[in-house]
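All chains, please: the whole structure from these sequences, using the hints.
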Amino acid sequence: MSNEMTSHDPLSNDDGFWGLLLGKKYDKIPESERTLENLVSDFYVGRTKRIDSRFESVDDLLAELKDQSPDRAQQLLLTIWAEEKWAQKSSGGNGFQVETNFEDELRRLEDEGLFVEELIDGFTLVWPSKEVRVTTREDDRVRSRLFERAHPLFVRKDGGGEIEVRGAKSRIKKFSKTFTDSDGVDRIERSQTAQHVIDGLASIFNDEIEALTLTEVEFQRTYLPDGSSLSLSNPTGVRNDLNSEAVFQELVDLQSLSELSHLGFNHNKTGKKVELKVEREETGFYFEIQDRYLPESEKEAIRLLIEDKLGISFDSVYPYDVQLRDSYIFHQILTGAVETYNRYFEDLPEEEQSLLNEFIDVAEIDTYECYRCHEVYEEEKPDECDECEGDSFRDDIRREVSVDDEAIHEAAFESLKEIRDTLSDNGINFLDVSIDRYETKHNDYIRATFQEVASAGKEANTHRYEYINYCLGNGRLPRRINQYLLNSVLVVYGKAYLNGREHFGTIDLHDLLMSDSPEDLLTSAIRDSKSQFRNRIIGRADEAFERLQDLHQRGAAGEFDDLSQEERKELKEDYDYNEFERDVFYLLKFMFLFTERWGREGETETDGCLVIPEDDGYFIASYDPKLTYTKKGYDLDAGEKNKAAWYMVTENLGGALSVSLSDDENLDAHLFVSNNFREGQFPYVASRVQEWFEQSEDVEKEEIPVAFLPLESLLSLYDTFDRHYDPIIEYPSVKAAFRRAFIEKIRSGEDGYSVVDTDACDAVEERVLQALKGTTRSRTLKDHTE
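Here the sequence shown stands for residues -11 to 774, where the numbers follow the working numbering.
Check before you lean on any hint, since a few could be wrong.
[Stated by the list, open to error] Straight-line distance between alpha carbons at most 30 Å, and here's what the computed BS3-like set of lysine-lysine pairs gives:
1) 161 / 265
2) 165 / 12
3) 261 / 12
4) 73 / 161
5) 265 / 157
6) 157 / 429
7) 73 / 37
8) 16 / 145
9) 260 / 157
10) 37 / 260
11) 287 / 145
12) 557 / 518
13) 369 / 77
14) 77 / 162
15) 77 / 145
16) 73 / 13
17) 77 / 297
18) 257 / 287
19) 260 / 165
20) 429 / 518
21) 260 / 405
22) 369 / 165
23) 287 / 297
24) 257 / 73
25) 157 / 257
26) 261 / 37
27) 287 / 260
28) 145 / 265
29) 118 / 54
30) 157 / 287
31) 118 / 77
Please keep in mind that the hints were generated in silico from the structure rather than gathered at the bench.
Structure, rendered in structure tokens:
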């Protein structure tokens, strides 16, 4: 029987295999056209040179595949695919020396649960996997299932005992841990060197590198007042800007090369991008090249060229004490880095040592390592090894550096607490400044409250701010800061300092404790925090919009109709009331910046406070999101009516909202937000609220509406704001139109309540468009191109 394959053979019918090779391109090929000839033709596109160099043409490749068994043909195609992926990954830095049989080590990996595929020409694919939960549609229902998601590592063996691995760093790290468990496998590590690299790196200021154009440079710290990072980028080259009077000496100099974090080059021959990154670890830093865009034939030559011109080695680790400032070592030690402490602590100035001694505890632990099996025992030397019964041990001392976060918090508070009265920053005055402690169940904060006054001529604007500031080191940022989008300044140390923190104003702990003017550091950090605040909101609001839109669409499609109690429970586990409350807050915060999230579990208080500036004050409303997975809608029963009224009465009598209300102001409204209301309950909720007000002696007897904001309407408002984001932010008249129109829709109801439906939202957008007509944005500008 001939083993020649036809277009209907198993090779062309393996959907999973061709989906791997072709990706989304495979999905676009009609099933009737998924012949072997067509699939190989699509595979040939983009791999022309690679395939022609081996088979001369696509027809020769096809003929070779037809001559092979299906398994052997798949192996051949997979090797070509792996070669292409290999060339697209960055080279170097992930080598291993294998002294034992390589095939035996691969089988050991399989025993450890890794999937291994041996290919041709020394290639091997290793597939680390992890369980992920995926939401899928199954007939007329949506379900969440666990699947094993696998991503490849590309392994290549040379003629000797060395192998190189390419792929994602995180997966290589896990692979390395398992692979080097064998006594016959060692990772090829970079070696420590005492070489000083500053002089070599200085060539970026004045020497062109043959074949490469410097297009990007980034310093993680500069001589700017707060040491902010500096990035220069220009596709035609940055050398002139780097050497300009505005940058060189003013912002960076040769010593700043110790703060270099990134260089980007354009490879003149191919036009591809090459990146040089500085990676920092406990004992020093090293250089890593990102050359995944270069052809494989060019990679080694470019590595050697960069090493030669910059005087560096990709195989070396450069100790910090040879290159860096004392403050960097200060923060390294505050990560708990034992090696950094052992190598550099005694060389630090006495003042730095004294500070560190307040914040760290160094424990010395006696250790005993068995000579025979290397089992390690601590504190007491055993008479005999439990593992191998050996009785000879190597004595040593192991150090542990622990960091006292409470002592750091206390020191930061002591440095800031004396700041009082009035501060100034670029024409803005901070009045009635007060610094005090703010403690919650899980975290301690440093609270700063002040009145910000900005004035020009006879005009002035005042707003009260409360900043909940946190000392962030090696742990995680408290969830409350981001989930509630609190105004915050971070006092950073250890890992938080070394890694940086985007979208926050920060104070370097080292600078704070050494400074004679902590108030300057605080005002600068507050300024940075305010300027970055919208960046904190935008990403979260976009993600919240996606989740809420998905919730609305599924509800509108009837997915929540006729569910069992168990099915509703599963839905709540995937997306619960707290997550709904959080996402509603993110959308409101994006549109109305002074919105605050409150609502503690188990407490009778409003979930949030909507604060919208008006011409003569603020429109202030409490709001309460309500999630339901029922067809009938959320049941605003008597308890919810009473709760809404309770919010409004107590807040008018001086509850949490009193910080925003003047003495003669009432709360303006209470909003319910839900993905599905029982509309028939609206009049009864409104009447119950008014009854409570009638019974209260201390609240003015005026109609305060209850407003109902369906999720569909909230999404529509957000969409309007997002689509017209630039003019709403840039033009006060457009922003005022959006706010005014929304407030009017809340106030325009009858019988004590209003419903902000989609028609109302359309009217809000109409007002925005009308306001846009009066801006320069809508006018035709003169053409100056001649």
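Tested hints:
1. 161 / 265: holds, 18 Å
2. 165 / 12: This hinted pair is violated, its Cα atoms lying about 33 Å apart.
3. 261 / 12: holds, 26 Å
4. 73 / 161: Holds, at roughly 19 Å.
5. 265 / 157: holds, 14 Å
6. 157 / 429: Violated: residue 157 and residue 429 sit about 37 Å apart, past 30 Å.
7. 73 / 37: holds, 14 Å
8. 16 / 145: Distance ~36 Å between residue 16 and residue 145 Cα, so the pair is violated.
9. 260 / 157: holds, 22 Å
10. 37 / 260: holds, 18 Å
11. 287 / 145: Within the cut-off at roughly 18 Å; holds.
12. 557 / 518: violated, 40 Å
13. 369 / 77: violated, 49 Å
14. 77 / 162: holds, 18 Å
15. 77 / 145: holds, 16 Å
16. 73 / 13: OK: residue 73 and residue 13 at ~17 Å, within 30 Å.
17. 77 / 297: Measuring from Cα to Cα gives roughly 24 Å; hence the hint holds.
18. 257 / 287: With Cα atoms ~12 Å apart, residue 257 and residue 287 stay inside 30 Å; holds.
19. 260 / 165: Outside the cut-off at roughly 33 Å; violated.
20. 429 / 518: Holds - the C-alpha atoms of residue 518 and residue 429 are around 27 Å apart, at most 30 Å.
21. 260 / 405: violated, 53 Å
22. 369 / 165: holds, 29 Å
23. 287 / 297: holds, 16 Å
24. 257 / 73: Cα-Cα ~22 Å, so holds.
25. 157 / 257: holds, 28 Å
26. 261 / 37: The hint holds at about 21 Å.
27. 287 / 260: With Cα atoms ~11 Å apart, residue 287 and residue 260 stay inside 30 Å; holds.
28. 145 / 265: Roughly 26 Å between the alpha carbons, so the hint for residue 145 and residue 265 holds.
29. 118 / 54: violated, 36 Å
30. 157 / 287: holds, 19 Å
31. 118 / 77: Roughly 22 Å separates the two Cα atoms, so the pair holds.
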